[in-house]
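A.B. asks: What follows is the residue order along each chain.
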Amino acid sequence: MAVNLKKISGGTLSPDGSYRRRMLGWLTGVGLVGSGVFSAISNFVFIKPRTASGQPQRFSIGKPEDFPPGARMALGAQRIVVIREGNRLAAVSTTCTQLGCIVGLSDTGFACPCHGSRFDQDGNVTGGPAPRPLPWYKVSLTPNGEIEVDKDTVIQPGSYLSL
Amino acid sequence: MRLALAIGTFLILLIHGVVFYNQFFQKWERNQIAYFGQARSLAKTDAERAALAERKPAIEQIVVSNFGETRVDRCTTCHIASDDPRFAAKAHPLKTHPYSLELGDTQKNGKWERRHKFAEFGCTVCHDGQGRGLEPKYSHGEDEYWPEPLLGYATQEHWRKDFAPKLKGKAFLEANCVQCHTERGFKSTPTVERGRQLFYASNCYGCHRIQGISEGTIGPDLTEVGRTWKVDYLWARIADPKSVLATSIMPKFRLKDDEVKSLVVFLKSRKGRNFAETEIDRFKVKLTGGEPSKAGPQPVEIKPGEMVQQGEKLVADRACAACHKVGEKDGGVAPDLSFEGLLKGEDWLLEHFKNPRSTMPDSIMPAFRFTEAEFKAMTAYLSGLRTVPVLSTPDATYKAFCLRCHGEKGDGQGPIGQHLDPFPRDLTKSGFMNSKPTERLVASIRSGVPGTSMPAWGKVLDETRAKSLLDYIQETFTKEPRRELKARDLPDRNPVPMSPESMTRGQTTFVNRCAGCHGPKGDGKGVNALDILPRPRNLRNGAFVESVNDRRLFDSILYGVQGTAMPPWIDYGLSTNEVGDLVNFIRGINPKPKGGQHAAAN
Chain A
14 MAVNLKKISG GTLSPDGSYR RRMLGWLTGV GLVGSGVFSA ISNFVFIKPR TASGQPQRFS
74 IGKPEDFPPG ARMALGAQRI VVIREGNRLA AVSTTCTQLG CIVGLSDTGF ACPCHGSRFD
134 QDGNVTGGPA PRPLPWYKVS LTPNGEIEVD KDTVIQPGSY LSL
Chain B
4 MRLALAIGTF LILLIHGVVF YNQFFQKWER NQIAYFGQAR SLAKTDAERA ALAERKPAIE
64 QIVVSNFGET RVDRCTTCHI ASDDPRFAAK AHPLKTHPYS LELGDTQKNG KWERRHKFAE
124 FGCTVCHDGQ GRGLEPKYSH GEDEYWPEPL LGYATQEHWR KDFAPKLKGK AFLEANCVQC
184 HTERGFKSTP TVERGRQLFY ASNCYGCHRI QGISEGTIGP DLTEVGRTWK VDYLWARIAD
244 PKSVLATSIM PKFRLKDDEV KSLVVFLKSR KGRNFAETEI DRFKVKLTGG EPSKAGPQPV
304 EIKPGEMVQQ GEKLVADRAC AACHKVGEKD GGVAPDLSFE GLLKGEDWLL EHFKNPRSTM
364 PDSIMPAFRF TEAEFKAMTA YLSGLRTVPV LSTPDATYKA FCLRCHGEKG DGQGPIGQHL
424 DPFPRDLTKS GFMNSKPTER LVASIRSGVP GTSMPAWGKV LDETRAKSLL DYIQETFTKE
484 PRRELKARDL PDRNPVPMSP ESMTRGQTTF VNRCAGCHGP KGDGKGVNAL DILPRPRNLR
544 NGAFVESVND RRLFDSILYG VQGTAMPPWI DYGLSTNEVG DLVNFIRGIN PKPKGGQHAA
604 AN
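Here the protein sequences come in this chain order: A and B. My numbering puts the first residue of the first sequence at 14, with every later residue one more than the last. My numbering puts the first residue of the second sequence at 4, with every later residue one more than the last.
Mixed in with the good hints, there may be bad ones.
Stated by the list, open to error - Computed cross-link-like contacts, DMTMM-like style, restricted to lysine to aspartate or glutamate with a CA-CA straight-line distance of at most 20 Å: (1) Lys-151/A with Asp-49/B; (2) Lys-164/A with Glu-123/B; (3) Lys-114/B with Asp-79/A; (4) Lys-59/B with Asp-79/A; (5) Lys-98/B with Asp-165/A; (6) Lys-120/B with Asp-163/A; (7) Lys-120/B with Glu-159/A; (8) Lys-151/A with Glu-57/B; (9) Lys-111/B with Asp-79/A; (10) Lys-482/B with Glu-411/B; (11) Lys-61/A with Glu-63/B; (12) Lys-76/A with Glu-32/B; (13) Lys-59/B with Glu-161/A; (14) Lys-412/B with Glu-483/B; (15) Lys-164/A with Glu-51/B; (16) Lys-164/A with Glu-116/B; (17) Lys-76/A with Glu-123/B; (18) Lys-76/A with Asp-86/B; (19) Lys-114/B with Glu-161/A; (20) Lys-120/B with Glu-78/A; (21) Lys-164/A with Glu-57/B; (22) Lys-114/B with Glu-78/A; (23) Lys-151/A with Glu-63/B; (24) Lys-59/B with Glu-78/A; (25) Lys-47/B with Glu-159/A; (26) Lys-111/B with Glu-78/A; (27) Lys-111/B with Glu-159/A; (28) Lys-47/B with Glu-161/A; (29) Lys-76/A with Glu-483/B; (30) Lys-120/B with Glu-161/A; (31) Lys-76/A with Glu-349/B; (32) Lys-61/A with Glu-32/B; (33) Lys-120/B with Asp-79/A; (34) Lys-114/B with Glu-159/A; (35) Lys-76/A with Glu-411/B; (36) Lys-151/A with Glu-51/B.
Just so you know, these hints were derived from the structure itself, not from any lab.
The shape of chain B in the complex, shown without the other chains (with noise of 0.2 Å):
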């Protein structure tokens, strides 16, 4: 009993005595007595020395209120040498702030002096941390909540192993100088400017936006990403997107470590506000939205005999196969260009390169700003790749020219199929399927489905070579063998006239009638479409509706579609007169193709 007791009191003595060390000497106090030591022996004058005797350890702090929030930077209560010009080569934390050029320094008869002095500027406006901390792991960030971890040098736990180490040096800083100096092409920021030049070369600009950078709508906005984020995540983001967040469909850019290195750093600087502009300037950017950028990446002059291949090197360069497939390298997003020469023709190609809703209004392609010039060598380098693929088999063709879209399946759900809108057709849907005639299912796959990502195959496969390509499809996915089609009562062309009368009936009979699915506006989106697949046909597409015939429509309309969910309306009462307004009305709100007549007048 007595031995027990006394170890307890033991031990309670000696926890006091660890307390009480740990308390009444902390480290930045065991700091600045060893600076003090250190000091006095370095010191010239018997004054020096008295006054470093009489010093006692004590909590230095600069209170900084210029840059944002009031800063309370306690940092010199460790780093005290940071201003002793003495203590250059010495270790951290006793070590001199180093002077240099880029930070403005001055050098004046063999002395530096400071452009950024320590007094007028604290510390975290620069490096970050957490200004108020004496003990260095909070101090620094790297406690895990801390927002802002020392730039460049401190990295926190839960950070990916394989990226920390990527997020040390110097050039993380100058996220922060750009606060400041925000002018363009600022010479001691110059991976800041990388960042810049890579953001539009690499075509982030095209999904993303930034405020007075780029308008992009498919990604998020990065305008205040550097406040919200730390340089682990944005690493990671820009290197492996889907590690993050598995759903992104943001694609893999190929880059080195050094160029993500610039990305993320410009990123980082880009914090939605800067100490450089004002209030007003704030407000009027608050009032205006602010200026649309119009800048782009560098353009490049092209040559006219060169461009082929100033083409091919720009389809390198501006990171296409990011989304695309371009020979040996897949993106695993867009369609494969590798033989689109053979598949689209050049105006097509130039057309939805500047503006890639105008031939598809619902793809997901970004409108570049390239000049046209550069527009036009990309076109003839892509117009050029005309290289038919040698293929023996229909397995071998289906594998290479559908299973992209299609999928493995045939289900409509290959590897980019969820980015193309329409989806890609599920060829397992032996109602759909077998409710075609074998000719109409030819034409689709040899002259393709305008409108939409199906490309014409025509150039590539041959009549007979499509029709044993179908036969596969409807052996291997499809299944059920065909079925002899009914004769179905159609009218050739649209027995009701064209006129603003009939378009006012076919609307009514639209709102009433269709506009759940294929939405009030004719553009597929109804309160119901999101519940089905495939889904509604998107009736403004004007590429698509000027393909179809006036029969193709009718029998749609009245004997539906198998396979989706559109209903034989001939059931719920509609006459051929009710569905030839309905036609009237779907020509009537698609802008008139070129020549001014309808498919139907043909």
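Pulled out of the complex, with its shape left as it was, chain A reads as follows (with noise of 0.2 Å):
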């Protein structure tokens, strides 16, 4: 054993091979170590896989063109209503807070058909028992030039993106 050590290092470790044991445990320390700190991250992230399912939470609804000032527009499928103002363009859920039904648009702002809750023109409850205003979603343009709304990040209500 020595022998071959002196061999691989080129004979420059001292002759008890005191130094050699030590450094040779560190090592195996080390790679023990480091594999269970990867092991255990990997684990903590496996908690949560990186999957996806269903229809995409960041979609296109078209082209700015697509929604006339003084629009508020509702896309069934995307359960969102798309607000435009002049030069300013907002997309609001519709779905009810309280459990989850889609809410019509009404003069006053939006009704829940199933518990009668009320919100105004800007999601803010008004009445029923919906506890919380309906979430705004982040709206951006993209590169080609149409409305991309973000329904995983919700944004400050009354927050327009300026066209």
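Bring the two chains, given one by one in their own frames, into a single complex with the hints.
C.D. replies: See below:
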């Protein structure tokens, strides 16, 4: 063993081998601890696997021209209403914050058909059992000139995208 | 020991590190990070930059349920810039999906707008591939087990190396375009249209069936061929049929690469069902079996003065030589037409063209959809082929005229022998050859055998040459010297007059004695037929039955046909009268020839 090591290390190690033993011990330790750390991190990361399911939460809804100024247009499949006022545009959820029914547009804002919750034009609760106002979603312009809604990102009510 | 331990633990650490890196920094993630970086440098506003800085790599997917089964396309996870026009000049995968007028994209104020939005159509509906895959090899369908590799882009490892490079190109995608754009002559799918034309022009429709397009029965049904096979198989099957299936009888068509490509694209588009039709349409087709198509190849206008030239062109264009031999071209499936004018009359040719089975009941030649004028032009051309080949020796004569069917060894196993029904006579069977009088054998050569592929060589070989050819055959193949034939006691005419009662008696005898081989219908397809070579005679072959006289029928039944499975029925107790009934039955089940009387009466 010692002869072999001498050959490998070019004979610079101390003759009794204590330094060599310590170094090997260290290397083994680092290897084991490193592997352990990697495994631990992996386990934590795997708790939330990176998958995607269902329709994408970030999607394009078309060109700004599709929404004339003053329009409040409900998109059923995406469960949002697109509000355009002049040159400003926003997307508000149409999923009732109580039990998840789809709220309809009314003269005063939104009305939920299930339990009669009422919301004003900006989605604030004005009546009924709904606990929270309707969330506003982040809207941006994509490089190809389409409006993109990101339902994963809720923004401050009343913040519009300027076109 | 410690050294080994240290190395071992380090190896484990290394493996952990590699696995960790691969799992958490996958290729698509690195792609997305690269995209965010590049997009940040291209961004015009701070807000845009901030939004990009916030974005984390995530699996992007499009769920599409409008086209058949629900598709989950995660292609945009890697191809994340496909809808970002700023990346038009970049390399894959961070490249804009090209815009083009052919795809229906429109240009307004210098900005392109897509006709097929990715959110609506997904990717695999046009491109094929494995939409859910996140690794290029699998998502592109490059592993051998994925049935739909990216059309015109991905090739699989086991594909033939000489064909694989030809299977690339945008044209292959047209096969998927026509799943919705089913209208004929759709301007963005010229390759499919060309393939459809070729399907007719190369006479594919004669043998293959495609629902609503063709009715051929010899080859496999191609209605769903695009769904069941990949392009490499289709290409190999067309370009080199025997390489895929050694027993295939499909001839090798001499098609250029771009023609094969068009046909492959056309066939790839045949998926049995398409997205343009509704459930009701499909139900209708299921009930009615679909409308049989009357479409044929583009008709050629035949000018009276150029019949022969146009006929020649038609024979060349319509791939006749894929089966037949015409001059230098030899398809290796069907008889030689190089001197057809000497062998067959014009009437026979025209009749055979229109309905091959009217003159030869067991012919495998399909009935092609040509116009009357085209048939006439081709007939005029073929009947004009009257050059007698100059052949000095019987040996050369045999090789030129007989070998193609009767074979090199004279055993009836010639190159095209297996495609003929009845099979060519096995000339090595001395039992047969020596039991027939020389006159009859010479007559078979000179006048042919009606209803079979044996043509009348009378105009090519005179009496002496036919005799010397027969001598050559006797010497070379039959080998046994001829014996003196015993005179047999046979009536020249059927002594039993034709009557319904006689036919009924004949039928009873036939069913009892003959049906095992000749079949209950007399069509030569009895239960024993497959074990017998030569096959039992098809007694519903009108032209043949018409050509043999009563004496020969009596001879064959009473004394048997030596060298075949037909036994001498005189040994089994059939009387002359019973045979007479049988002859009446056989003549009765065949339509009466023109003139109203059977050969017996002449």
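A.B. asks: Hint by hint, note whether the structure agrees.
C.D. replies: Structure-based check of all given hints:
1. Lys-151/A with Asp-49/B: Holds: Lys-151/A and Asp-49/B sit about 16 Å apart, inside 20 Å.
2. Lys-164/A with Glu-123/B: 18 Å, holds
3. Lys-114/B with Asp-79/A: 16 Å, holds
4. Lys-59/B with Asp-79/A: This hinted pair is violated, its Cα atoms lying about 30 Å apart.
5. Lys-98/B with Asp-165/A: With Cα atoms ~26 Å apart, Lys-98/B and Asp-165/A exceed 20 Å; violated.
6. Lys-120/B with Asp-163/A: 18 Å, holds
7. Lys-120/B with Glu-159/A: 11 Å, holds
8. Lys-151/A with Glu-57/B: Cα-Cα ~13 Å, so holds.
9. Lys-111/B with Asp-79/A: 15 Å, holds
10. Lys-482/B with Glu-411/B: 15 Å, holds
11. Lys-61/A with Glu-63/B: 17 Å, holds
12. Lys-76/A with Glu-32/B: 29 Å, violated
13. Lys-59/B with Glu-161/A: Given pair Lys-59/B, Glu-161/A holds - Cα atoms ~16 Å apart, limit 20 Å.
14. Lys-412/B with Glu-483/B: 15 Å, holds
15. Lys-164/A with Glu-51/B: The given pair, whose Cα atoms are some 17 Å apart, holds under the 20 Å limit.
16. Lys-164/A with Glu-116/B: 24 Å, violated
17. Lys-76/A with Glu-123/B: Holds, at roughly 15 Å.
18. Lys-76/A with Asp-86/B: With a Cα-Cα distance of about 14 Å, the restraint between Lys-76/A and Asp-86/B holds, given a limit of 20 Å.
19. Lys-114/B with Glu-161/A: Satisfied, since the Cα-Cα distance of roughly 18 Å is no more than 20 Å.
20. Lys-120/B with Glu-78/A: 17 Å, holds
21. Lys-164/A with Glu-57/B: 15 Å, holds
22. Lys-114/B with Glu-78/A: Holds. Lys-114/B to Glu-78/A sits at ~14 Å (cutoff 20 Å).
23. Lys-151/A with Glu-63/B: Within the cut-off at roughly 18 Å; holds.
24. Lys-59/B with Glu-78/A: 30 Å, violated
25. Lys-47/B with Glu-159/A: The given pair, whose Cα atoms are some 16 Å apart, holds under the 20 Å limit.
26. Lys-111/B with Glu-78/A: Distance ~13 Å between Lys-111/B and Glu-78/A Cα, so the pair holds.
27. Lys-111/B with Glu-159/A: 14 Å, holds
28. Lys-47/B with Glu-161/A: Holds: Lys-47/B and Glu-161/A sit about 17 Å apart, inside 20 Å.
29. Lys-76/A with Glu-483/B: Status violated; Cα separation ~93 Å.
30. Lys-120/B with Glu-161/A: 14 Å, holds
31. Lys-76/A with Glu-349/B: Distance of about 71 Å is beyond 20 Å: violated.
32. Lys-61/A with Glu-32/B: 17 Å, holds
33. Lys-120/B with Asp-79/A: Holds, at roughly 15 Å.
34. Lys-114/B with Glu-159/A: Roughly 12 Å between the alpha carbons, so the hint for Lys-114/B and Glu-159/A holds.
35. Lys-76/A with Glu-411/B: 76 Å, violated
36. Lys-151/A with Glu-51/B: At roughly 12 Å apart (the allowed maximum being 20 Å), Glu-51/B and Lys-151/A satisfy the hint.
Checked against the numbered hints above, the structure violates hints 4, 5, 12, 16, 24, 29, 31, 35; every other hint is satisfied.
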